[in-house]
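Full structure from sequences and hints, please.
These protein sequences, in sequence, are chains A and B. Just so we're aligned, residue 1497 is where the first sequence starts under the working numbering, counting upward by one. Just so we're aligned, residue 206 is where the second sequence starts under the working numbering, counting upward by one.
To be clear, the hints were calculated from the coordinates, so they are not data collected in a lab. Careful, some of the hints might be misleading.
[Said to hold, decoys possible] Calculated pairs, EDC-like style, for lysine to aspartate or glutamate (alpha carbon to alpha carbon, straight line, at most 20 Å):
1) B:K304 <-> A:D1594
2) A:K1520 <-> A:D1559
3) B:K247 <-> A:E1507
4) B:K247 <-> A:E1604
5) B:K247 <-> A:E1540
6) A:K1574 <-> A:D1594
7) B:K304 <-> A:D1552
8) B:K261 <-> B:E244
9) A:K1520 <-> A:E1558
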Amino acid sequence: DAGVIQSPRHEVTEMGQEVTLRCKPISGHNSLFWYRQTMMRGLELLIYFNNNVPIDDSGMPEDRFSAKMPNASFSTLKIQPSEPRDSAVYFCASSRYDGYAGELFFGEGSRLTVL
Amino acid sequence: GESVGLHLPTLSVQEGDNSIINCAYSNSASDYFIWYKQESGKGPQFIIDIRSNMDKRQGQRVTVLLNKTVKHLSLQIAATQPGDSAVYFCAENIRSSYKLIFGSGTRLLVRP
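Rendered as structure tokens:
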């Protein structure tokens, strides 16, 4: 099994630019999570999808952030416009469980730097 | 808000010694606890979990202890190896929901 695949691994962009992060969950996993990790705030849940439907987006910082899951094998997290405070590592994780975190399988993350 | 509390220490141990990483949690409604390991440049990796109806659970070289009376969780690693060097996070799950609340992490350094 290839695990959760994220791209890009590193992204450096200028303030105001659009950033799109991509995730391919493990096949057969029904739940997908986007987390953000910073030194100051640790790991924060941004949004949770179950069976491709957004269930909880209360962790999305503001309207500049949006996430989609058009099918079971693909999700995107978009930031538009990006700001320096968005600099962080963004993780996608998937789980075989419905409505229950259980064991999460994390991707290797996308490190975003906004200048 | 309620959170899993974990000071951010760095634990340095000699290779071959046992390691103990501690975690305090504050939500008495939490019924499921998990330890994750995060190596540099990688995502967190599940190590072991325990339900609130258990006090102890053992895996391969790892043991998790849960003390609900004082809301304390620990991860014990036997015969610590260089490959165990990483940041370790505890996380709590409330009422079998989708939300995991992560602690701030402890860095484990293994001296050769």
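Against the structure, the hints:
1. B:K304 <-> A:D1594: holds, 12 Å
2. A:K1520 <-> A:D1559: violated, 24 Å
3. B:K247 <-> A:E1507: holds, 16 Å
4. B:K247 <-> A:E1604: Roughly 5 Å separates the two Cα atoms, so the pair holds.
5. B:K247 <-> A:E1540: holds, 16 Å
6. A:K1574 <-> A:D1594: violated, 24 Å
7. B:K304 <-> A:D1552: holds, 10 Å
8. B:K261 <-> B:E244: violated, 25 Å
9. A:K1520 <-> A:E1558: Not OK: K1520 of chain A and E1558 of chain A at ~24 Å, beyond 20 Å, violated.
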